[in-house]
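Here the protein sequences come in this chain order: Z and E. Heads up: the first sequence runs through residues 1 to 276, numbered per my numbering. Heads up: the second sequence runs through residues 1 to 327, numbered per my numbering.
Everything hinted at is true.
Cut-off 16 Å, straight-line C-alpha distance, at most; resulting in silico cross-link-like pairs (EDC-like, lysine to aspartate or glutamate): (1) Z:Lys185 - Z:Asp175; (2) Z:Lys104 - E:Glu324; (3) Z:Lys104 - E:Asp325; (4) E:Lys59 - Z:Asp131; (5) Z:Lys104 - E:Glu323.
Derived DEER-like restraints, expressed as beta-carbon distance ranges: (6) Z:Lys218 - E:Ser181: 25 to 33 Å; (7) E:Phe191 - Z:Gly65: 29 to 37 Å; (8) E:Phe289 - Z:Lys38: 36 to 44 Å; (9) Z:Val61 - E:Ala87: 47 to 55 Å; (10) Z:Lys38 - E:Ser176: 23 to 31 Å.
No lab work stands behind these hints: they were computed from the structure. We put the CB at the ideal spot given by N, CA and C, even for glycine.
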Amino acid sequence: MRRSTLGRVWPGATAVVLFLAFVFPVYWMFSTAFKANKDIVSEDPVWFPTSPTFEHFQRAVQADGFWTLVRNSFTVTLVAVALSLVIALLASFAVARMRFKGRKSFILVMMMAQMAPWEVMALAYYIIVRDAEMLNSLVPLIAIYTVMVLPFTVLTLRGYVAAVPKELEESAMVDGCTRAQAFIKVIFPLLAPGLMATSLFGFITVWNEFPYVLILNKDASAQTLPVWLTGFRTAFGDDWGATMAASSLFAVPILILFVILQRKAVGGLTSGAVKG
Amino acid sequence: MSAQIEEATAGGPASRTGKGTAPPPPRRGPGRLAQGTPYLLILPAAAVTVLLLGWTLLKNGLLSFQNLGPRQLIQHLTEWTGTDNYAEQLGSSEFWGVTGRSVVFTLANVVLIMALGCFIGLLLARLGTALRLLLSLGLVLAWAMPVVAATTVFQWLFDQRFGVVNYVLDALGWHSMAGYSWTSGQFSTFFVITVLIVWQSVPFVAINLYAATTTIPKELYEAASLDGAGSWKQFTSVTFPFLKPFFLATTFLEVIWIFKSFTQVFAINEGGPDRLTETLPVYAFQEGFGSQHFGMGAAVSILTIVILLALTAYYLRLVLKQEEDEL
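Chain E extracted, bound-state conformation (with noise of 0.2 Å):
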C-alpha cells in the first residue's frame, strides 16, 4: 500500500512539474497558432472557476452591504444599507461568542487530529506488517465513511436509550450515564461533534504521516545512532525536523477543514441546544436562512472568510512563496 505514496510524500507528482518544466520547450519555429494552445486549454477552467466560485464571492460581498429580508426578495428590492450589517454584527456580543466559540472549537480539534494522527503514524512505522495492515484497514473505513453516513451513526450511537455508548458507560460504572442525552447540553453536543471529527480526520494524518516516515532516508538513523543518539534523541534530531514541513501543511489543512465544516455541526444538533453549538458556518446559514436576513448572513459569511484567512495567513504565505519559488 505504500508505494504510491513514499513515491507521493517524496516529493509527490505534483512538485515533479517544477523540475517537468523548468527548462523553456527547445521546440523550434511555435506558429501563433501553437503559441495561443496554452490559453485554449486553460480557458474552460479560468472561465468557469471566474464565472462561479469568482461570481458567488463578489455576490456574497455585494449581498453583505444590503437590506435582504423576505418582502425584498420577493420583490426584488435592492436595498442598500451601506455597512450596517457588519456594524450589527461586530457590536453584537452574539457575534463574538460565536467567533470565540469557533476558534476554540478549530484549535481543540486540531490539537487532538494532529496529537492521535502522529501517534497513530508513527504507531505504524513500528508495527510488523500484519499489526500495520490491520490499523491501517480500520483508518481507511473510517476515512472512506461519508461525513453524512457518519453523522447518522454517531448520532445512533450516542443516542439516548439505546445508544451503545451510554450502555457501555452503565455498565463500567458511572451509573449516571444510563439514559445520558448528549445533544441537551453544550458541552455534550460539542463532544459528541468532536468524537466524530476526530474520528474521521485522524486516518488522513495517519496514514500521511507514516508514509512521510517510510521516505526518511535510514542513513539518518544509522548515523544518528553511532553518534550515541537514543530513541528519543533520534526523534528530536532525525524524525521531528525530517516531518516538520509535512506536519505544518497537515495542521493548516486541518484548521481550514474544521473551521468551515458545516455538515457535522449543522447534522447533528442544528447547532442546538438554543444555538449554543452555532459554529461561524451554522451561525451564518441560521442568520441568512432561519432568520431569513440574507444580507445579514452574508455579511458574517464574509466575516467569516476574513477570520479563516488571518488564522491561515502564515500558511498561505509560505505556500504561495514556495510556490512562486518553485514554478
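Same shape as in the complex, but just chain Z (with noise of 0.2 Å):
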C-alpha cells in the first residue's frame, strides 16, 4: 500500500517543483521589473512586489530611440513574415497539389535550406550587403529574414494545404470556379488556422533575431530590439529594473501570441520539423 501512495505522489510533487523551476525565471523578470529599486538591491530578495511600480517601464520606453527600435523590429518582423507566408503559399499549393518535375528535389532543398547555419553566415552576407551599400538599412535584413523563415512555412503550410479534403476544391471547379478561384474561395479560409500558426514561428524568429542586425546595422537607427536589449545592461550601469522592463516589454508580443496560438502552433512545428 506503501509503495502506491508514493507512487501516486511523487509525480504530482515533481510536477509541482518543475513547474516552478520553469516559471521562475519569467516571474522573476516580471517581478523584478514592477520592483521598487531598494527592493532589488537587497541583500534579502524579495520575492513579492509589494509597492509595484512603473517607474522602470518609464525610463526603459524614454531610453534613446527605444520607439524607432520598436518600429524597426515591428518592420522588419512582419513585412518578412508576410513575403514568406506569400511566397510559401504559391510554393506550397503547387507542391501539396501538383505533379511536376523537379518537385522532389524542390521539397529536398526545402528541408536542406530549413537546417542552413544562418548563424555562421552573418559575415558573408555583411560582405555582401556593404558591397552593395546597404549596410544600416532594414532592407537587407528584411529579406535575409524573408529567407530564413521561408523553408519552414513552406514545409508547413505544404502540410495544411494537403490537409485541406481535395474534393472540396474539386466540387467548387465543378460548380464552375477556376482553379485559383477554388483556391481562393475554398482552400484559402480553410488554411486560416495554419497561416496563423506558421506565421507565429516565423514571427518568433525573426522578432529574435541578433547576430544579423548585430553585423549589419552598427547605426542605432536601424537597429531592432534585441540589439539594444543585449546592450541595455552596460548602457544603464548595472540597472537591473530598467533591464527587466526592457526585457518583459520585448517578451511580452511573444508571450501573448504563443498563449493563443500554441496548440495550433505545436501542431504546425511538430509537422515541419519533426518528421514522424
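Given two chains presented individually in distinct reference frames, assemble the corresponding complex, making use of the accompanying hints.
Listed below in C-alpha cells is the structure:
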C-alpha cells in the first residue's frame, strides 16, 4: 500500500517542482520590473513586489530611440513574415497539389535550407550587403529574414494545404470555378489556422534574430530591439529594474501570441520540424 | 491542448502530403499553361532561396580563400590566398581547442535536454489533467520566452551581488557562493549558458514527446500486460520502440540547434573570460569581426558547417532517404 501512495504522490510533487523551476525566471523578470529599486538591490531578495511601480518601464521607454527600435522590430518582423507567407503559399500549393518534374528536388532543397546554419553565415552576408552599399538599412535584413523563415513556412503550409480535402476544391471547380478561384474561395479560408500557426514561428524567429542586426546595422537608428536589449545592461549600468522592464516589454508580444496560438502552433512545428 | 498535437504527431499534416498527392491527377487535357503553373508557383520561393541562401553560402566559400582585412575592405581589393586561411586554422591549436569545446558543449547540452525532456514528457503522460495543464503552462512560458529576453533574465538571476541564485545557495549553507562571480570562470560561464539553453529547449522535447505518447495505441499496452509485462517491460517493449523515430529526429535537431547557437553564448559573456567560452560560431564571429580578418572568419564558418554536416550526416541521410521514399 505504501508503495502505491508514494507512486501516486511523487509524479504530482515532481510536477509542481518542475513547474516552479520553469516559471521562476519568467516570474522573476516581471516581478523585478515592477519592484521598487530598494527591493531589487537588497541583500535579502523580495519574493513578491509589495509596492509595485512603473518607474522602470518609464525609464526603459524613455531610453534614446526606443520607439524607433520598436518600429524597426515590428516593420522587419511583419514584412518578412508576410512576404514569406505569400511566397510560401504559392509554393506549398504547387508542392501539395500538383505533380511536376523537380518537385522532389524542390522539397529536398527546402528541407536542407531549413537546417541552414544562418548564424555562421552572417559574415559573408555582411560583405555582400556592404558591397551593395546597403548597410544600416532595414531592406537587407527583411530580405534575409524572409529567406530564413521561408523553408519552414513552405514545409508546414504544404501539410495544411494537403490536409484540405481535394474533393472540396474539385466540387468547386465542377461548379464552375477556375482553379485559382477554387483556391481563394475554398482552400484559403480553411488554411487560416495553418497560416496563423506558421506565422507565429516566423514571428518568433525574426523578432528574436540577433547576429545579423548586430553585424549589419551599427547605426542605432537601423537596429532592432534584440541588439538594444543585449546592450541595455551596459548602457544603463547595473540597472536591473530597467533591464527587466525592457525584457518584459520585449517578451510580452511573443508570450501573448504564443499562449493564444500554442495549440495549433505545436502541431505546425511538429509537422514541419519532426517528420514522424 | 492535445488534439492538434496528437494529430500532428500521428502522421502530421506534412506527412499526409504523400497520400494526398500520390496518384497522378486524373484531370484531363492540361494545356501548356497548366503545365507551367507549378513552376510559376515555386519560382518566387526557389528564386529568393537561391539568391540569398545560395549566394551567401557561395560568397562565404569565396571569402574563405581570400585575404580580406580592413585595408582590402576599404580599398575593395580582392586578394586570393589559396588555402592559406584553412591551413592556418587547421594548423592552430586554438581552432582545435574551440572545436573540441563546441562538440563537448553540444553533447552535454543535448544529453541533458533529451534526458530531462523525455523524463518530463513521460511524466506529463502520467499526471492527472489539472497537474498536466499546470506543468504544460510552465513549459509553454519557458518555451515562449524570447531568447534575448531570457538571456538578460539569466544574467540577472546569476548576478554576482544581488542575483537570487547566489542568495539561495548561500542560504542553503553554501556560503562561499555569496558574491560568487559566475562570469569569471570558464566552467561557471558554461554552466550558466547550459542552464539557460536546457531551460529553453526542454519544453519542445517534453511537449512533443508527450504528444507522441498519446498516439500509442492502448491495445499495445493491454496486450503487453496480458503477456505479463511489468511497467518497465512495457516501457522497453512498447513505449520506447514506438517513440524511437521521434527520439532520433529530436536528438539530431537539438544537435543542429545547439551546435550553431550564437545568441546565448555570445550575449551571456561575449565568449569570455579570456575567449575561453567561445564556441565555433562565436569564434568565427570574433576571428572575422573582432580581429577584422574577414577571410579567416569565413574559413572558420565553412569549417563549422563541415563539422556540423559530419555530426548530423547520419540523420540527414535518414531524412533524405525517408523523403525519397515518401514523395
